[in-house]
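Colleague: The chain contents come next:
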Amino acid sequence: MHVGLTHYLVVSTILFCIGLYGVLTRRNAVAILMGIELMLNASNINLVAFNRYLAPGAVGGQTFALVIITLAACEAAVGLALVMAAYRSLETIHVDEINVMKW
Amino acid sequence: MGELAAFIILACVTLIPAVVVVTSGNIVRSALSLIPTFLGVTGLYILLHAEFVAGIQILIYAGAITVLILFVIMLTAGGTGTRIRQVNEQVPLGAMAAVWLGFLILLVIFRTRWPYTATPAPQYNVASIGTAFLTDYVLIFEVTSLVLLVSLIGAIIVARREE
Amino acid sequence: MDWLTEILKAALLTVVVFTYLAVVTAMIGVYLERKISGWIQARLGPKHVGPQGLLQTVADTVKLLQKEHITPRQADVLIFNAAPIMVAVAGLLDWVVIPFGRIGERVLVVRDLNIGVLYFAAMASLTVIGILAGGWSSNNKYALLGGLRSASQMVSYEIPLALGILWVAMIAGTLSTVGIVQAQAQQGGWFLFKLPQLDYAGAPFGILAALTFLTAATAEVNRVPFDLPEAESELVAGYFAEYTGMRFALFQLGEYAEAFAMAALAAIMFLGGWLEPNLPAWLWITLGLAAVLVVVLLLITGASRDLLIRPILILAVLGAALCVVMFFGVQAGRSPVLPSPVWFLTKMFALVFFLIWMRWTYPRLRLDQLLNLSWKVLLPVGLLNLLITGFLITVVRAP
Amino acid sequence: MPKVIVDWLYVAVFAFVGTIMAALPLGIVWLLAPRADLPQKTLTYESGVIPFGQAWAQFNVRYYLFALIFVVFDVEVIYLYPWAVVFRQLGAFAFFEMVIFLLILLVGLAYAWRKGALEWT
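Protein chains in written order, with my numbering: chain A, 78 to 180; chain B, 3 to 165; chain C, 1472 to 1870; chain D, 1090 to 1210.
What the hints contain is simulated information worked out from the structure, not anything from laboratory work. Note that the Cβ used here is the ideal one computed from N, Cα and C, for glycine as well. Just to be clear, a hint being listed does not mean it is correct.
[Stated by the list, open to error] Chain D regions said to be covered by chain B (calculated; three or more residues, Cβ under 8 angstroms):
(1) 1114-1126
(2) 1183-1192
(3) 1196-1203
Here chain A stands alone, though its shape is the one from the complex:
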């Protein structure tokens, strides 16, 4: 059996859903960010796989994957800075305990 586009898409779908599960069920803000990183990785697999199988002559997909990696790094930097700020003022990084904005 040959490895084709759908194989990669299936793996990336599973990875995406694992990440989504993490985002939905974790209390710890850092763990939620880790879930988001998994989801971004899944999207990158898609981009590179589409590049390889649907437009093998160009490098557009890989270029976009690099941009996504950049954005993931920025997102992690700012998101984790927010976590640090929340921890310093509220003494917790559990999102269900951060409730000062509720009223």
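Given chain A's structure and the hints, the job is docking chains B, C and D onto it.
Modeller: Frame of chain A, contents of chains B, C and D only:
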């Protein structure tokens, strides 16, 4: 045959630690499990002949983002919290949402007729990516540096507040 | 089944490279470090086990193998064991792209990756995680603090390190390590002194880039004067305070493997790797005669009886022999005169000697000085060097 | 097989076999070395003082700031790699594109410098 075996191994290396990432009760173990996941994805990039993206994946994801995450865990007492409940009340709901979304995406994947092109085994190299960034995608390239600047300044402001 | 044979070949090569690391970088490296340290401090260093203490590190290894592994209370056992393995494997993986020489048309390298130097930088960045994991899992205040310090130092110096690598990649126009050496062979000069299009006028930029790289590399492998993370006098031993026996040895192995790999990469990028120095015959014989003169002077004055002068005598004799061989080789029109791995190893060990020399010459930096050096000096200087060299090559002396 | 695949097959085998070889001495020690668990011995070593509290203590937020600046500049560096390989073919135009890219980021470095995010005091 060899390719399929490599693919299956890499898929396992990617997905099994990913499950540990989202289920482990110990946040440091979660963060460290990210590394095999990222390295597995690196392997998938290699199977897709995207060597440069693979190198960047190791450098940025495994070498930089994971370090950042570990730093924050260690600075926010997360490392000691092995007995703290890590999941909220939405576990069944979250699992249902993830499975349902996965089912939908898989449906789309198998229903779509992908416009395959017949060109076999492309030879990607760093030079073509560099050329793409400096010619076709130059706007993205310059905007990226603006995004980096903004996130650097924003993160410094947020993290240093109250000093 | 060609992939199966490739896997077997790769497994065999792993064993070879691992043994090389254990014997050459760890055992001989530690021996040299102790001998040279002793010499610089006017002591003798290891002396009793084997001739000139040569077997001292073998004895130490056997000792470490018998030591009990102590796992501290409440440590995370899995991560505690995995951290040293991770550091050692990261050190091993650096060596995949290091070419040792060239016999005929065959380059002696495990694999010449297309993205060689980028791969090297990526593998070097993996060590940080092992160190953080080791520091955290020990459940020790000093270890955790040492791990955090070590990690913040290593990440700070990764950027200047990458800038040094990028400078060379830019000059050579390739990321492959073999390609970088071949680019130097093509222009007939090391990147330290000679650049394409700029010729010897490029020497200041080359020297600056080499200094940036070497400084960053020293900090990256936590050596003096950048050894704050392991500062014995402040932090017990930093992140490996709780590690005993073979686990400790694995951390050391990884560190030495990486230090040697940095020296090897510097030799490849700036000193022409396996290339033979392309000097005329008269220069070789002049150098040789100078070395012979040193030997004769040492013998006549009787200074050679002093145990602390003897290493100079040995080095001078070796240097004289090398120069004479080179002189006759060049006269006879042979090229290259000596097998290429000899040159590569000579350059690598010269740089290792330089690292050990630095250790006993400079005091340890303070943390603020260390971070200032990286962010306020090396980063701007590295970037400017990159831009000015690029400007000269593309705009002023466009091909 | 394509060169890329073989190259990285070697890297994978190196990582795998290397892990086994690094774990091997640990196994030998497990067989050879003596074992005697004393409660005092497994105490963490804190210069002879009996450990108190947890290993975790309040750490300085500056560690995070440096990691943060590192990540941003590490990402910047990944764009320099492809540029370094091709800028000779693309000439002056590509060079000035990179100068603009770097200048924007140097503003960030200047900001961090000015705001004292690079100080350790």
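Colleague: Now, for every hint given, state plainly whether the structure supports it.
Modeller: Each hint, compared with the structure:
Closer than 8 angstroms: that is the beta-carbon criterion, and the segment 1114-1126 of chain D has 0 residues meeting it against chain B, so the requirement of 3 is violated. With 6 residues having a beta carbon nearer than 8 angstroms to a beta carbon of chain B, the segment 1183-1192 of chain D meets the requirement of three or more and the stated coverage holds. Counting residues of the segment 1196-1203 of chain D whose CB lies closer than 8 angstroms to any CB of chain B gives 4, so the stated coverage by that chain holds, three being the minimum.
Comparing the model with each earlier hint shows a violation of hint 1 alone; every other hint is respected.
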